[in-house]
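Asker: Sequence:
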Amino acid sequence: MISVENLKVEFSVEPLFEGVNFVVNDKERVCLVGKNGAGKSTMLKIIAGLQQPTAGHVTMPQGCTVGYLPQVMKLSDSCTLIEETEKAFSSLRQKEQRLERINGELAERTDYESEAYARLIEQSTTLQEQLLMGGSQSWRADMERTLMGLGFERIDFQRPTSEFSGGWRMRIELAKILLQRPDVLLLDEPTNHLDIDSIGWLENFLIKESKSSVVLVSHDRAFINNVCSRTLEISCGQLIDYKVCYDEFVKLRAERREQQLRAYENQQKEIADTRAFIERFRYQATKAVQVQSRIKQLEKIVPIKVDEVDTATLHLRFNEPMRSGDFPVICNEVNKAYGQHRVLSHVNLTIRRGEKVAFVGRNGEGKSTLVKCIMNEIPYDGFLKIGHNVQIGYYAQNQAQLLDESLSVYDTIDRVATGDVRLKIRELLGAFMFGGEAGDKKVKVLSGGERSRLAMLKLLLQPVNFLILDEPTNHLDMRTKDVLKEALLNFKGTVIVVSHDRDFLDGLVSRVYAFGGGRVREHLGGIYDYLGRHASPPKGERRPPLTPPKGERTLAPGTSPLGDEGGLGASELYKQQKELKKHVNKLEKQVKEAEQHIGELEAAIKMIESHMSTIEGAGDMTLIEKHMAFSRQLDQAMDEWTTASEELEKVRKL
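Per the working numbering, the sequence shown runs over residues 51 to 704.
Hints may contain errors.
Taking lysine-lysine pairs in the BS3-like style, the calculated list, with each CA pair at most 27 Å apart, reads [what the hints assert, rightly or not]:
no.	residue 1	residue 2
1	Lys301	Lys632
2	Lys85	Lys531
3	Lys355	Lys301
4	Lys422	Lys435
5	Lys631	Lys531
6	Lys301	Lys85
7	Lys261	Lys642
8	Lys258	Lys137
9	Lys95	Lys293
10	Lys85	Lys494
11	Lys85	Lys58
12	Lys258	Lys77
13	Lys632	Lys700
14	Lys531	Lys293
15	Lys491	Lys77
16	Lys422	Lys85
17	Lys293	Lys77
With beta-carbon atoms standing in for the labels, derived distance ranges [what the hints assert, rightly or not]:
no.	residue 1	residue 2	range
18	Ser62	Leu452	31 to 41 Å
19	Ser279	Glu477	52 to 62 Å
20	Gln390	Gln208	14 to 24 Å
21	Ala338	Gln318	20 to 30 Å
22	Ser279	Ser62	29 to 39 Å
23	Lys355	Asp323	15 to 25 Å
No wet-lab data here; the hints were simulated from the structure. Glycine included, every Cβ here is placed at the ideal spot set by N, Cα and C.
Construct the entire structure; sequences and hints are all you get.
Answerer: Next up, the structure:
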């Protein structure tokens, strides 16, 4: 479907990437990963034909259609939601109008035997077939179903697009692209502005309904694990193809980096030995030939590049917070309305000291509103009490706007860092993607995403005992999210997280508050417990409850995704779970292979029996011997399958 050959892109002396070759097959779903700035979005633009490479080319079959969703786009605001979405079917509607004109002309003409009349009949037939294949009978129903799956309500259909926020307008564009049903889907961070229900709907659509080849860039680990079966990594200017899902890629990448390090160290030793030989014998005439040979040998060495240091292994630890009261937040009959629109109604909740809870629900259901009530930023009705000695650290979605633009990135963090953390400021900045010279940039030149990351790091270093984080992961890559998640797991205070990122919430929170219809409902357990029991599908859709990616086990609250060096037992628990996951994967593979072997043996036995039923094969001893041999193998394979299945069932219950 997509063939990329010898692709090279240069923006400066050092190529962004070069020598890139890969093929995306029909209906294949591929994830493109790499550090920020590695060239993922550039790659999507080149495939979409919006940017030209320095060298190489991308080829697709003639007539192949491409749907591209960028991270940022300019949208028109001159029509209603339904009118804007209908633009996805502009070609279909043009064909419908053309068919109406042809049918009208056919009704008026009487020259039934003429060539012109025959041509009109042929055109009418062709258009009818094209409309039938394009879904002309159901496009309006498809449009409504897609819009509602992405979180819109019917009452929104006649609203002007200018009334929607940037995130909702991105959903409109995503709906248009999906409705066009292109041969190739290129999606750049499609989940950034989606809530949990909408992410689940999009997963279901891409896995079960879409027939497109998909290449996507995303920092939502659960999403790409569920959707993609192949991972392409851009690293050190090269592209490495891993034909596995993201979680398996992480393991293979770690092994590959170890190999790189060993090769790099061996090469550095070889270079050092060669240089030492040259310096030692440079001025000895008897060694002149050997010295010249070593100099040429040194010039021919191609330096081995090593992937950037995996800063996600950095352990960000908070200073011990001051003890707060037992109940940092108590809400009793809290109500909030904007005019006639009631956002929150009869909210009752109590958050205990040390708890980590999640606020989830569709956008606009009041999550951020309740947070603002807790922060006393907006008026409300009812009783809301902040506990004794509570020191709140608040990360709002607009937190980045509050940074001092005159300071550098390093100075911003240096002013809040205390104790041993001051010795690791550069490492911390690297973990939050401000490594090298980026740490010396002024805040005023940072992008919105960079400011958000800096604001998050600054908050984490402040002495507070109650953190409220509103969409903290929107601009973080997966490694940085792991650093943040481990820091929150080790945090001794109380945490409220407003987030749609299932992987980030998994193992972090022990209680979920679901917002919807003005109500707030409490659910004990982690995010997947809540989704499995209570998440309802979008209207008009039936899909199974959301679950962790296949082969994954949910981490217990308090368990670090990266391990723990503090002797608290989290590291051992995580290792045990990791080993258990490996064992499950191994058993699943054994069961699958046994089932495949059984199928092959049964097919072979069936073929032999069909030959034995003929006159020629009735007394053929060779066939009888083969039948007996395959039957014994089948019995053995059935025993192996039974043993592996029973063992797998036991392990899954652990």
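Asker: For every hint, state whether the structure bears it out.
Answerer: So, going through the hints one by one against the coordinates:
no., hint, verdict
1, Lys301 - Lys632, "holds (11 Å)"
2, Lys85 - Lys531, "holds (13 Å)"
3, Lys355 - Lys301, "holds (20 Å)"
4, Lys422 - Lys435, "holds (13 Å)"
5, Lys631 - Lys531, "holds (22 Å)"
6, Lys301 - Lys85, "holds (17 Å)"
7, Lys261 - Lys642, "holds (26 Å)"
8, Lys258 - Lys137, "holds (24 Å)"
9, Lys95 - Lys293, "holds (23 Å)"
10, Lys85 - Lys494, "holds (23 Å)"
11, Lys85 - Lys58, "holds (18 Å)"
12, Lys258 - Lys77, "holds (11 Å)"
13, Lys632 - Lys700, "holds (15 Å)"
14, Lys531 - Lys293, "holds (24 Å)"
15, Lys491 - Lys77, "violated (43 Å)"
16, Lys422 - Lys85, "violated (34 Å)"
17, Lys293 - Lys77, "holds (15 Å)"
18, Ser62 - Leu452: 31 to 41 Å, "holds (33 Å)"
19, Ser279 - Glu477: 52 to 62 Å, "violated (35 Å)"
20, Gln390 - Gln208: 14 to 24 Å, "holds (18 Å)"
21, Ala338 - Gln318: 20 to 30 Å, "holds (26 Å)"
22, Ser279 - Ser62: 29 to 39 Å, "holds (35 Å)"
23, Lys355 - Asp323: 15 to 25 Å, "holds (21 Å)"
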